[in-house]
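These are the residues of each chain, in order.
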Amino acid sequence: MMPNGRTTRRQFLTALGAGTCALCAARALGRDISGESTSGARTQVAVHDAMWFERLPDKAVRCLLCPRECVVAEVERGYCGVRENQGGDYKTLVYGNLCSTNIDPIEKKPLYHYLPTTTALSVATAGCNMECKFCQNWRISQYRPEQVESLLILPENLVRIATVRRTPTLAFTYSEPVVFYEYMHDAAALGRRQGVGSVMISNGYIREPALRQLCRVLTAVKIDLKAFTEKFYADQCAAHLEPVLKTLEVLADTGIHTEVVVLLIPTLNDSADEIRQMAKWLVDHMGRDVPLHFSRFHPTYRVQNLPPTPVATLDRARKVAMDAGLRYVYVGNVPFTEGGNTYCPSCGKTVIKRVGYNVDPAGLKDGGCASCGHKIPGVWTQQQALAFKPKEMAAPKGSVM
Amino acid sequence: MSGPGRLTRRRFLRRAAASAAVAGAAATLPRVWCGAAETPGPAKSRVVVIRHDALAAEGQGPTPGRVREILDEAARALTGDAKAADAWARWLKPQDRLAVKVNCLGLPTRPAVALGLVEAVGGIGLAPEQTILWDRTNRDLKAAGYTLRARGGVRCFGTDALEARGNGGYSADVYTSGATGSLVSRIITDEATALVSAAVLKDHNLAGITGVMKNFFGAIHNPNKYHENGCDPFIADACAQKPIRDRLRLVICDATWPQYERGPPARRQWQWPYGGLILSTDPVAADRVGCEILLRKRAAVGMKPFDAVGRPVRHLASGEARGLGVAKLERIEVVSIGRPWLDVA
Chain S
1 MMPNGRTTRR QFLTALGAGT CALCAARALG RDISGESTSG ARTQVAVHDA
51 MWFERLPDKA VRCLLCPREC VVAEVERGYC GVRENQGGDY KTLVYGNLCS
101 TNIDPIEKKP LYHYLPTTTA LSVATAGCNM ECKFCQNWRI SQYRPEQVES
151 LLILPENLVR IATVRRTPTL AFTYSEPVVF YEYMHDAAAL GRRQGVGSVM
201 ISNGYIREPA LRQLCRVLTA VKIDLKAFTE KFYADQCAAH LEPVLKTLEV
251 LADTGIHTEV VVLLIPTLND SADEIRQMAK WLVDHMGRDV PLHFSRFHPT
301 YRVQNLPPTP VATLDRARKV AMDAGLRYVY VGNVPFTEGG NTYCPSCGKT
351 VIKRVGYNVD PAGLKDGGCA SCGHKIPGVW TQQQALAFKP KEMAAPKGSV
401 M
Chain V
402 MSGPGRLTRR RFLRRAAASA AVAGAAATLP RVWCGAAETP GPAKSRVVVI
452 RHDALAAEGQ GPTPGRVREI LDEAARALTG DAKAADAWAR WLKPQDRLAV
502 KVNCLGLPTR PAVALGLVEA VGGIGLAPEQ TILWDRTNRD LKAAGYTLRA
552 RGGVRCFGTD ALEARGNGGY SADVYTSGAT GSLVSRIITD EATALVSAAV
602 LKDHNLAGIT GVMKNFFGAI HNPNKYHENG CDPFIADACA QKPIRDRLRL
652 VICDATWPQY ERGPPARRQW QWPYGGLILS TDPVAADRVG CEILLRKRAA
702 VGMKPFDAVG RPVRHLASGE ARGLGVAKLE RIEVVSIGRP WLDVA
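Going line by line, the protein sequences match chains S and V.
Counted from 1, the first sequence has number 35 at position 35 by the numbering used here; the numbering is strictly sequential.
For the numbering used here, count along the second sequence from 1 and bump the result up by 401.
Check before you lean on any hint, since a few could be wrong.
Said to hold, decoys possible - Covered stretches of chain S (chain V as the covering partner; in silico rule of three or more C-beta atoms under 8 angstroms from a C-beta of chain V):
| id | stretch |
| --- | --- |
| 1 | 143-150 |
| 2 | 247-261 |
Unchecked claim - Some but not every residue of chain V turned toward chain S, in silico, with C-beta under 7 angstroms:
| id | residue |
| --- | --- |
| 3 | 464 |
| 4 | 666 |
| 5 | 670 |
| 6 | 704 |
| 7 | 706 |
Simulated from the structure, these hints should not be mistaken for lab results.
Heads up, the beta-carbon is just placed ideally off N, CA and C, and yes, glycines get one too.
Using the sequences provided together with the hints, build the complete structure.
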C-alpha cells in the first residue's frame with residue numbers, strides 16, 4: 001500500500017502541526033474517552049465499544065466485521081490484534097489512536113479519478129486483518145496498538161484539522177482501515193456533515209453489511225486486489241480471494257467511486273494470463289471504466305528474496321488489462337511513464353498528465369475531455385463527492401452495533 | 402509510530418555478549434530437545450509429574466520454599482541425580498541470565514511456582530538478580546499477582562517495559578520459523594542466556610489445550626495472527642523460533658489447579674485441585690502429558706474429548722514433526738511422584 005516516499009521536512013512539520021493542533025483542541029474541549037495503560041511506559045490504549053459482533057455463550061463473542069469471523073474468548077483478541085473481548089463485551093483498542101498522520105496528495109493513495117491535485121489528511125492506526133508477507137507498511141499493520149506510538153485524535157479533532165488545513169478529504173489508509181472501522185465510520189460521518197469527504201484505502205476484507213453501512217458515509221474507496229488466485233491469497237496473505245471479489249461487487253452495486261490497485265510481485269502474481277483473467281473479471285463485474293493501477297513492488301518484510309518489479313512488467317500488465325477491455329489503466333510507483341497519465345478513450349488526448357505527484361488536469365473540463373467532451377468517470381468536484389448516496393438496503397440481521 | 406531501535410555500540414556489544422553466552426552454553430549443556438528424531442538420546446522422553454497436597458492449597462497456595470523442595474525432588478527424578486544441585490546444573494550455569502516465561506493471560510502461572518523455581522536455581526549459584534520473571538505486559542503480570550521489580554532481587558517485568566528500545570520491546574529483526582514470522586521479546590534476545598517456560602495447564606477454546614508450548618505466543622509480537630486452524634502449525638513454529646529454541650532449557654507446567662473447560666479465561670467451576678507440577682526438557686512431551694490429564698478429567702466428568710468438540714489438539718504432532726520433542730504417549734516415560742498422575746478424582 002502506502003507510503004513509500006520518505007517523510008520530507010515539510011511533511012514532518014505538517015504532521016507535527018496537525019498533531020499539536022489536535023492535542024490542543026482535545027484539551028480545550030475537555031473531551032476524552034476512557035483510556036487505560038496496557039504497558040509499562042508511555043503508550044496509551046484507548047478503549048471504545050466495537051461494532052459488528054455477536055455475543056456467544058460464556059462471554060465469548062464472534063466478530064462480524066470481516067470474513068474471518070473470529071470467535072474471541074474473554075481476554076483474547078481477534079486476528080487483527082486491535083479488537084479485544086473484555087468481559088464478554090467487544091472493544092476496539094484503536095478508536096482515535098493514530099500512529100500515522102500525514103497530509104498527502106490524493107494521487108498518493110492512489111486515486112487518479114478523485115479530486116485531482118487535492119490533498120487528503122491521511123491517518124492510520126495499528127493493525128490489519130491480513131498478514132501479507134510483502135506488506136510495505138508492516139511496522140504498523142502487523143503491530144498491536146500498544147506496540148506503536150500513537151496520538152489520540154478523536155473524530156471531532158480530525159475533522160477540525162482537515163478544515164483548518166483546507167484538505168477536502170480524510171483518507172483512512174497506510175495500515176488497514178477495516179480494523180479501525182468504528183473510528184473511520186464516525187469520523188467520515190462527521191466529516192460529511194461538515195463538508196469533508198472520506199476515502200478508504202483498503203484490502204477489501206470486510207463483510208457485506210459492515211461495508212454497505214460504511215458506504216453511507218464514505219465518498220470513495222480504493223481496494224488492493226492482491227492477486228487473482230486463491231493460492232496467492234492463501235500463501236502470501238493468510239486470506240482468501242473470494243471475499244475481496246465480493247467486496248468489489250458490493251462497491252459496484254452501491255455506485256461509490258472505486259479504484260483498484262494491484263501490487264505486481266515478480267513471479268508471484270505477474271503472469272499475463274492471471275492479469276488477463278483479473279481484468280476480464282473487473283470488466284464483467286465493475287465495468288470498463290473502473291480505474292486499475294499496477295503498482296511496483298519493493299522487497300520488504302518477509303519477501304526479501306525478490307527484486308523490485310521491472311518497469312517493463314508493469315507496462316506489459318497495463319497493455320494486457322487494456323486489451324481485455326479496461327479503459328483507465330495506470331502504472332504506479334514509477335515517476336516517469338506514460339502509464340501515469342489519463343487519456344481520453346474517445347479521442348486519445350491526454351486528459352490529466354502526471355509526473356510523480358505533479359498533476360496537470362488541463363485536459364479535463366467539466367468532468368470530460370477538454371478536446372472532445374467525452375465524459376471521464378470519476379469524482380471531479382467536492383460537491384459531487386459529498387452528494388454521493390449509495391443504494392439503501394435493509395438493516396443487516398444478526399449483528400450488534 | 403515506533404520504528405526499529407537503532408543498533409548502538411552499547412546494544413551491539415550487549416547482544417554480542419548474549420549470543421556468545423548462548424553459544425557457549427549450548428556447547429557444554431545437554432540437548433534440550435530429547436527424543437527428537439534429529440537428536441541422539443534416550444528412546445523415550447522423560448516427563449516428571451509430581452503431586453503434593455501442598456500444591457493443591459487454595460489462594461496463594463504453597464510458599465516458594467515449599468515449591469522449591471518439590472521442584473528439587475522433580476529435578477532429581479528427571480535426571481536421576483542424587484543431588485538437586487547436580488540436576489539443575491545440567492540445564493543452567495551460575496553465570497546464566499535466566500528468563501522465566503510465565504503465563505498471565507486468563508488463568509495464570511502461580512507466582513509461588515515461579516518464585517520456587519528462582520529459589521531452586523539459587524542452589525547452583527544463580528542470584529535472584531540473574532532471573533527475570535516475565536510475560537507480555539506489566540499490566541498482565543500485576544493482575545496475576547506478580548510484584549514488578551526492575552532491580553534489587555528477582556526481576557519481574559513485561560516485554561513492554563523495554564519499549565524504549567523500540568518496537569514495543571520486541572526485536573528489530575523478524576524471525577521466521579515455518580508459517581510464522583515474528584519479532585521476539587527483547588527479554589529473550591537482549592537479556593537472557595537461558596529460558597524456562599513456566600506455563601499453566603488449561604483448556605483453550607481453539608487449540609484444545611494451552612501449556613508450555615503455546616506459552617511462547619506471549620513471546621512474539623503478533624500472536625493474534627496465529628490462532629486459525631486450532632493455532633496449528635503456529636504453536637510449534639513459534640516454539641521453534643531460533644531465539645527461543647537456542648535458549649530453552651526446561652519446561653514447567655503449573656498443574657496445581659488446572660482448568661479442563663472454557664479456557665483460557667479463568668473459570669473456577671472447571672478447575673480442580675490436581676496439586677501437580679509437570680517438569681521436562683521436552684516441551685512436546687510435557688504438553689502431551691498435560692493433555693492426557695485434561696482428557697482424563699473431562700472423561701471423568703462426562704465431557705467429550707477435544708476432538709469431539711471441534712478443537713483437536715494438533716500442535717503436538719506438529720511439534721514432533723519439527724523436531725521439538727515427542728508427541729506419542731508410548732514414547733514418553735512418565736515418572737509419577739505422589740498420587741498416580743492419571744488419578745483425576
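Can residue 666 of chain V be said to touch chain S, with a Cβ gap under 7 angstroms? 4 angstroms, holds
For the hint on residue 704 of chain V, just tell me whether its beta-carbon gets within less than 7 angstroms of chain S. 14 angstroms, violated
Residue 464 of chain V was flagged as interface toward chain S. Is the shortest Cβ-Cβ separation under 7 angstroms? 28 angstroms, violated
Three residues minimum, CB to CB under 8 angstroms: does the stretch 143-150 of chain S make the cut for coverage by chain V? Let me know. holds (count 7)
Using Cβ atoms only, decide whether residue 670 of chain V comes closer than 7 angstroms to chain S, and label the hint accordingly. It is violated, given that the least Cβ distance between residue 670 of chain V and chain S is near 10 angstroms, above 7 angstroms.
Identify whether the interface hint at residue 706 of chain V stands, where standing means a beta carbon of chain S within less than 7 angstroms of its own. Given a least distance of 19 angstroms, the restraint on residue 706 of chain V is violated.
Mind taking a look at whether chain V covers the stretch 247-261 of chain S? Criterion is 3 or more residues with CB to CB distance under 8 angstroms. This one is violated; 0 residues, fewer than the three required, reach chain V with a Cβ under 8 angstroms.
In this structure, the earlier hints numbered 2, 3, 5, 6, 7 are contradicted, and the remaining ones agree with it.
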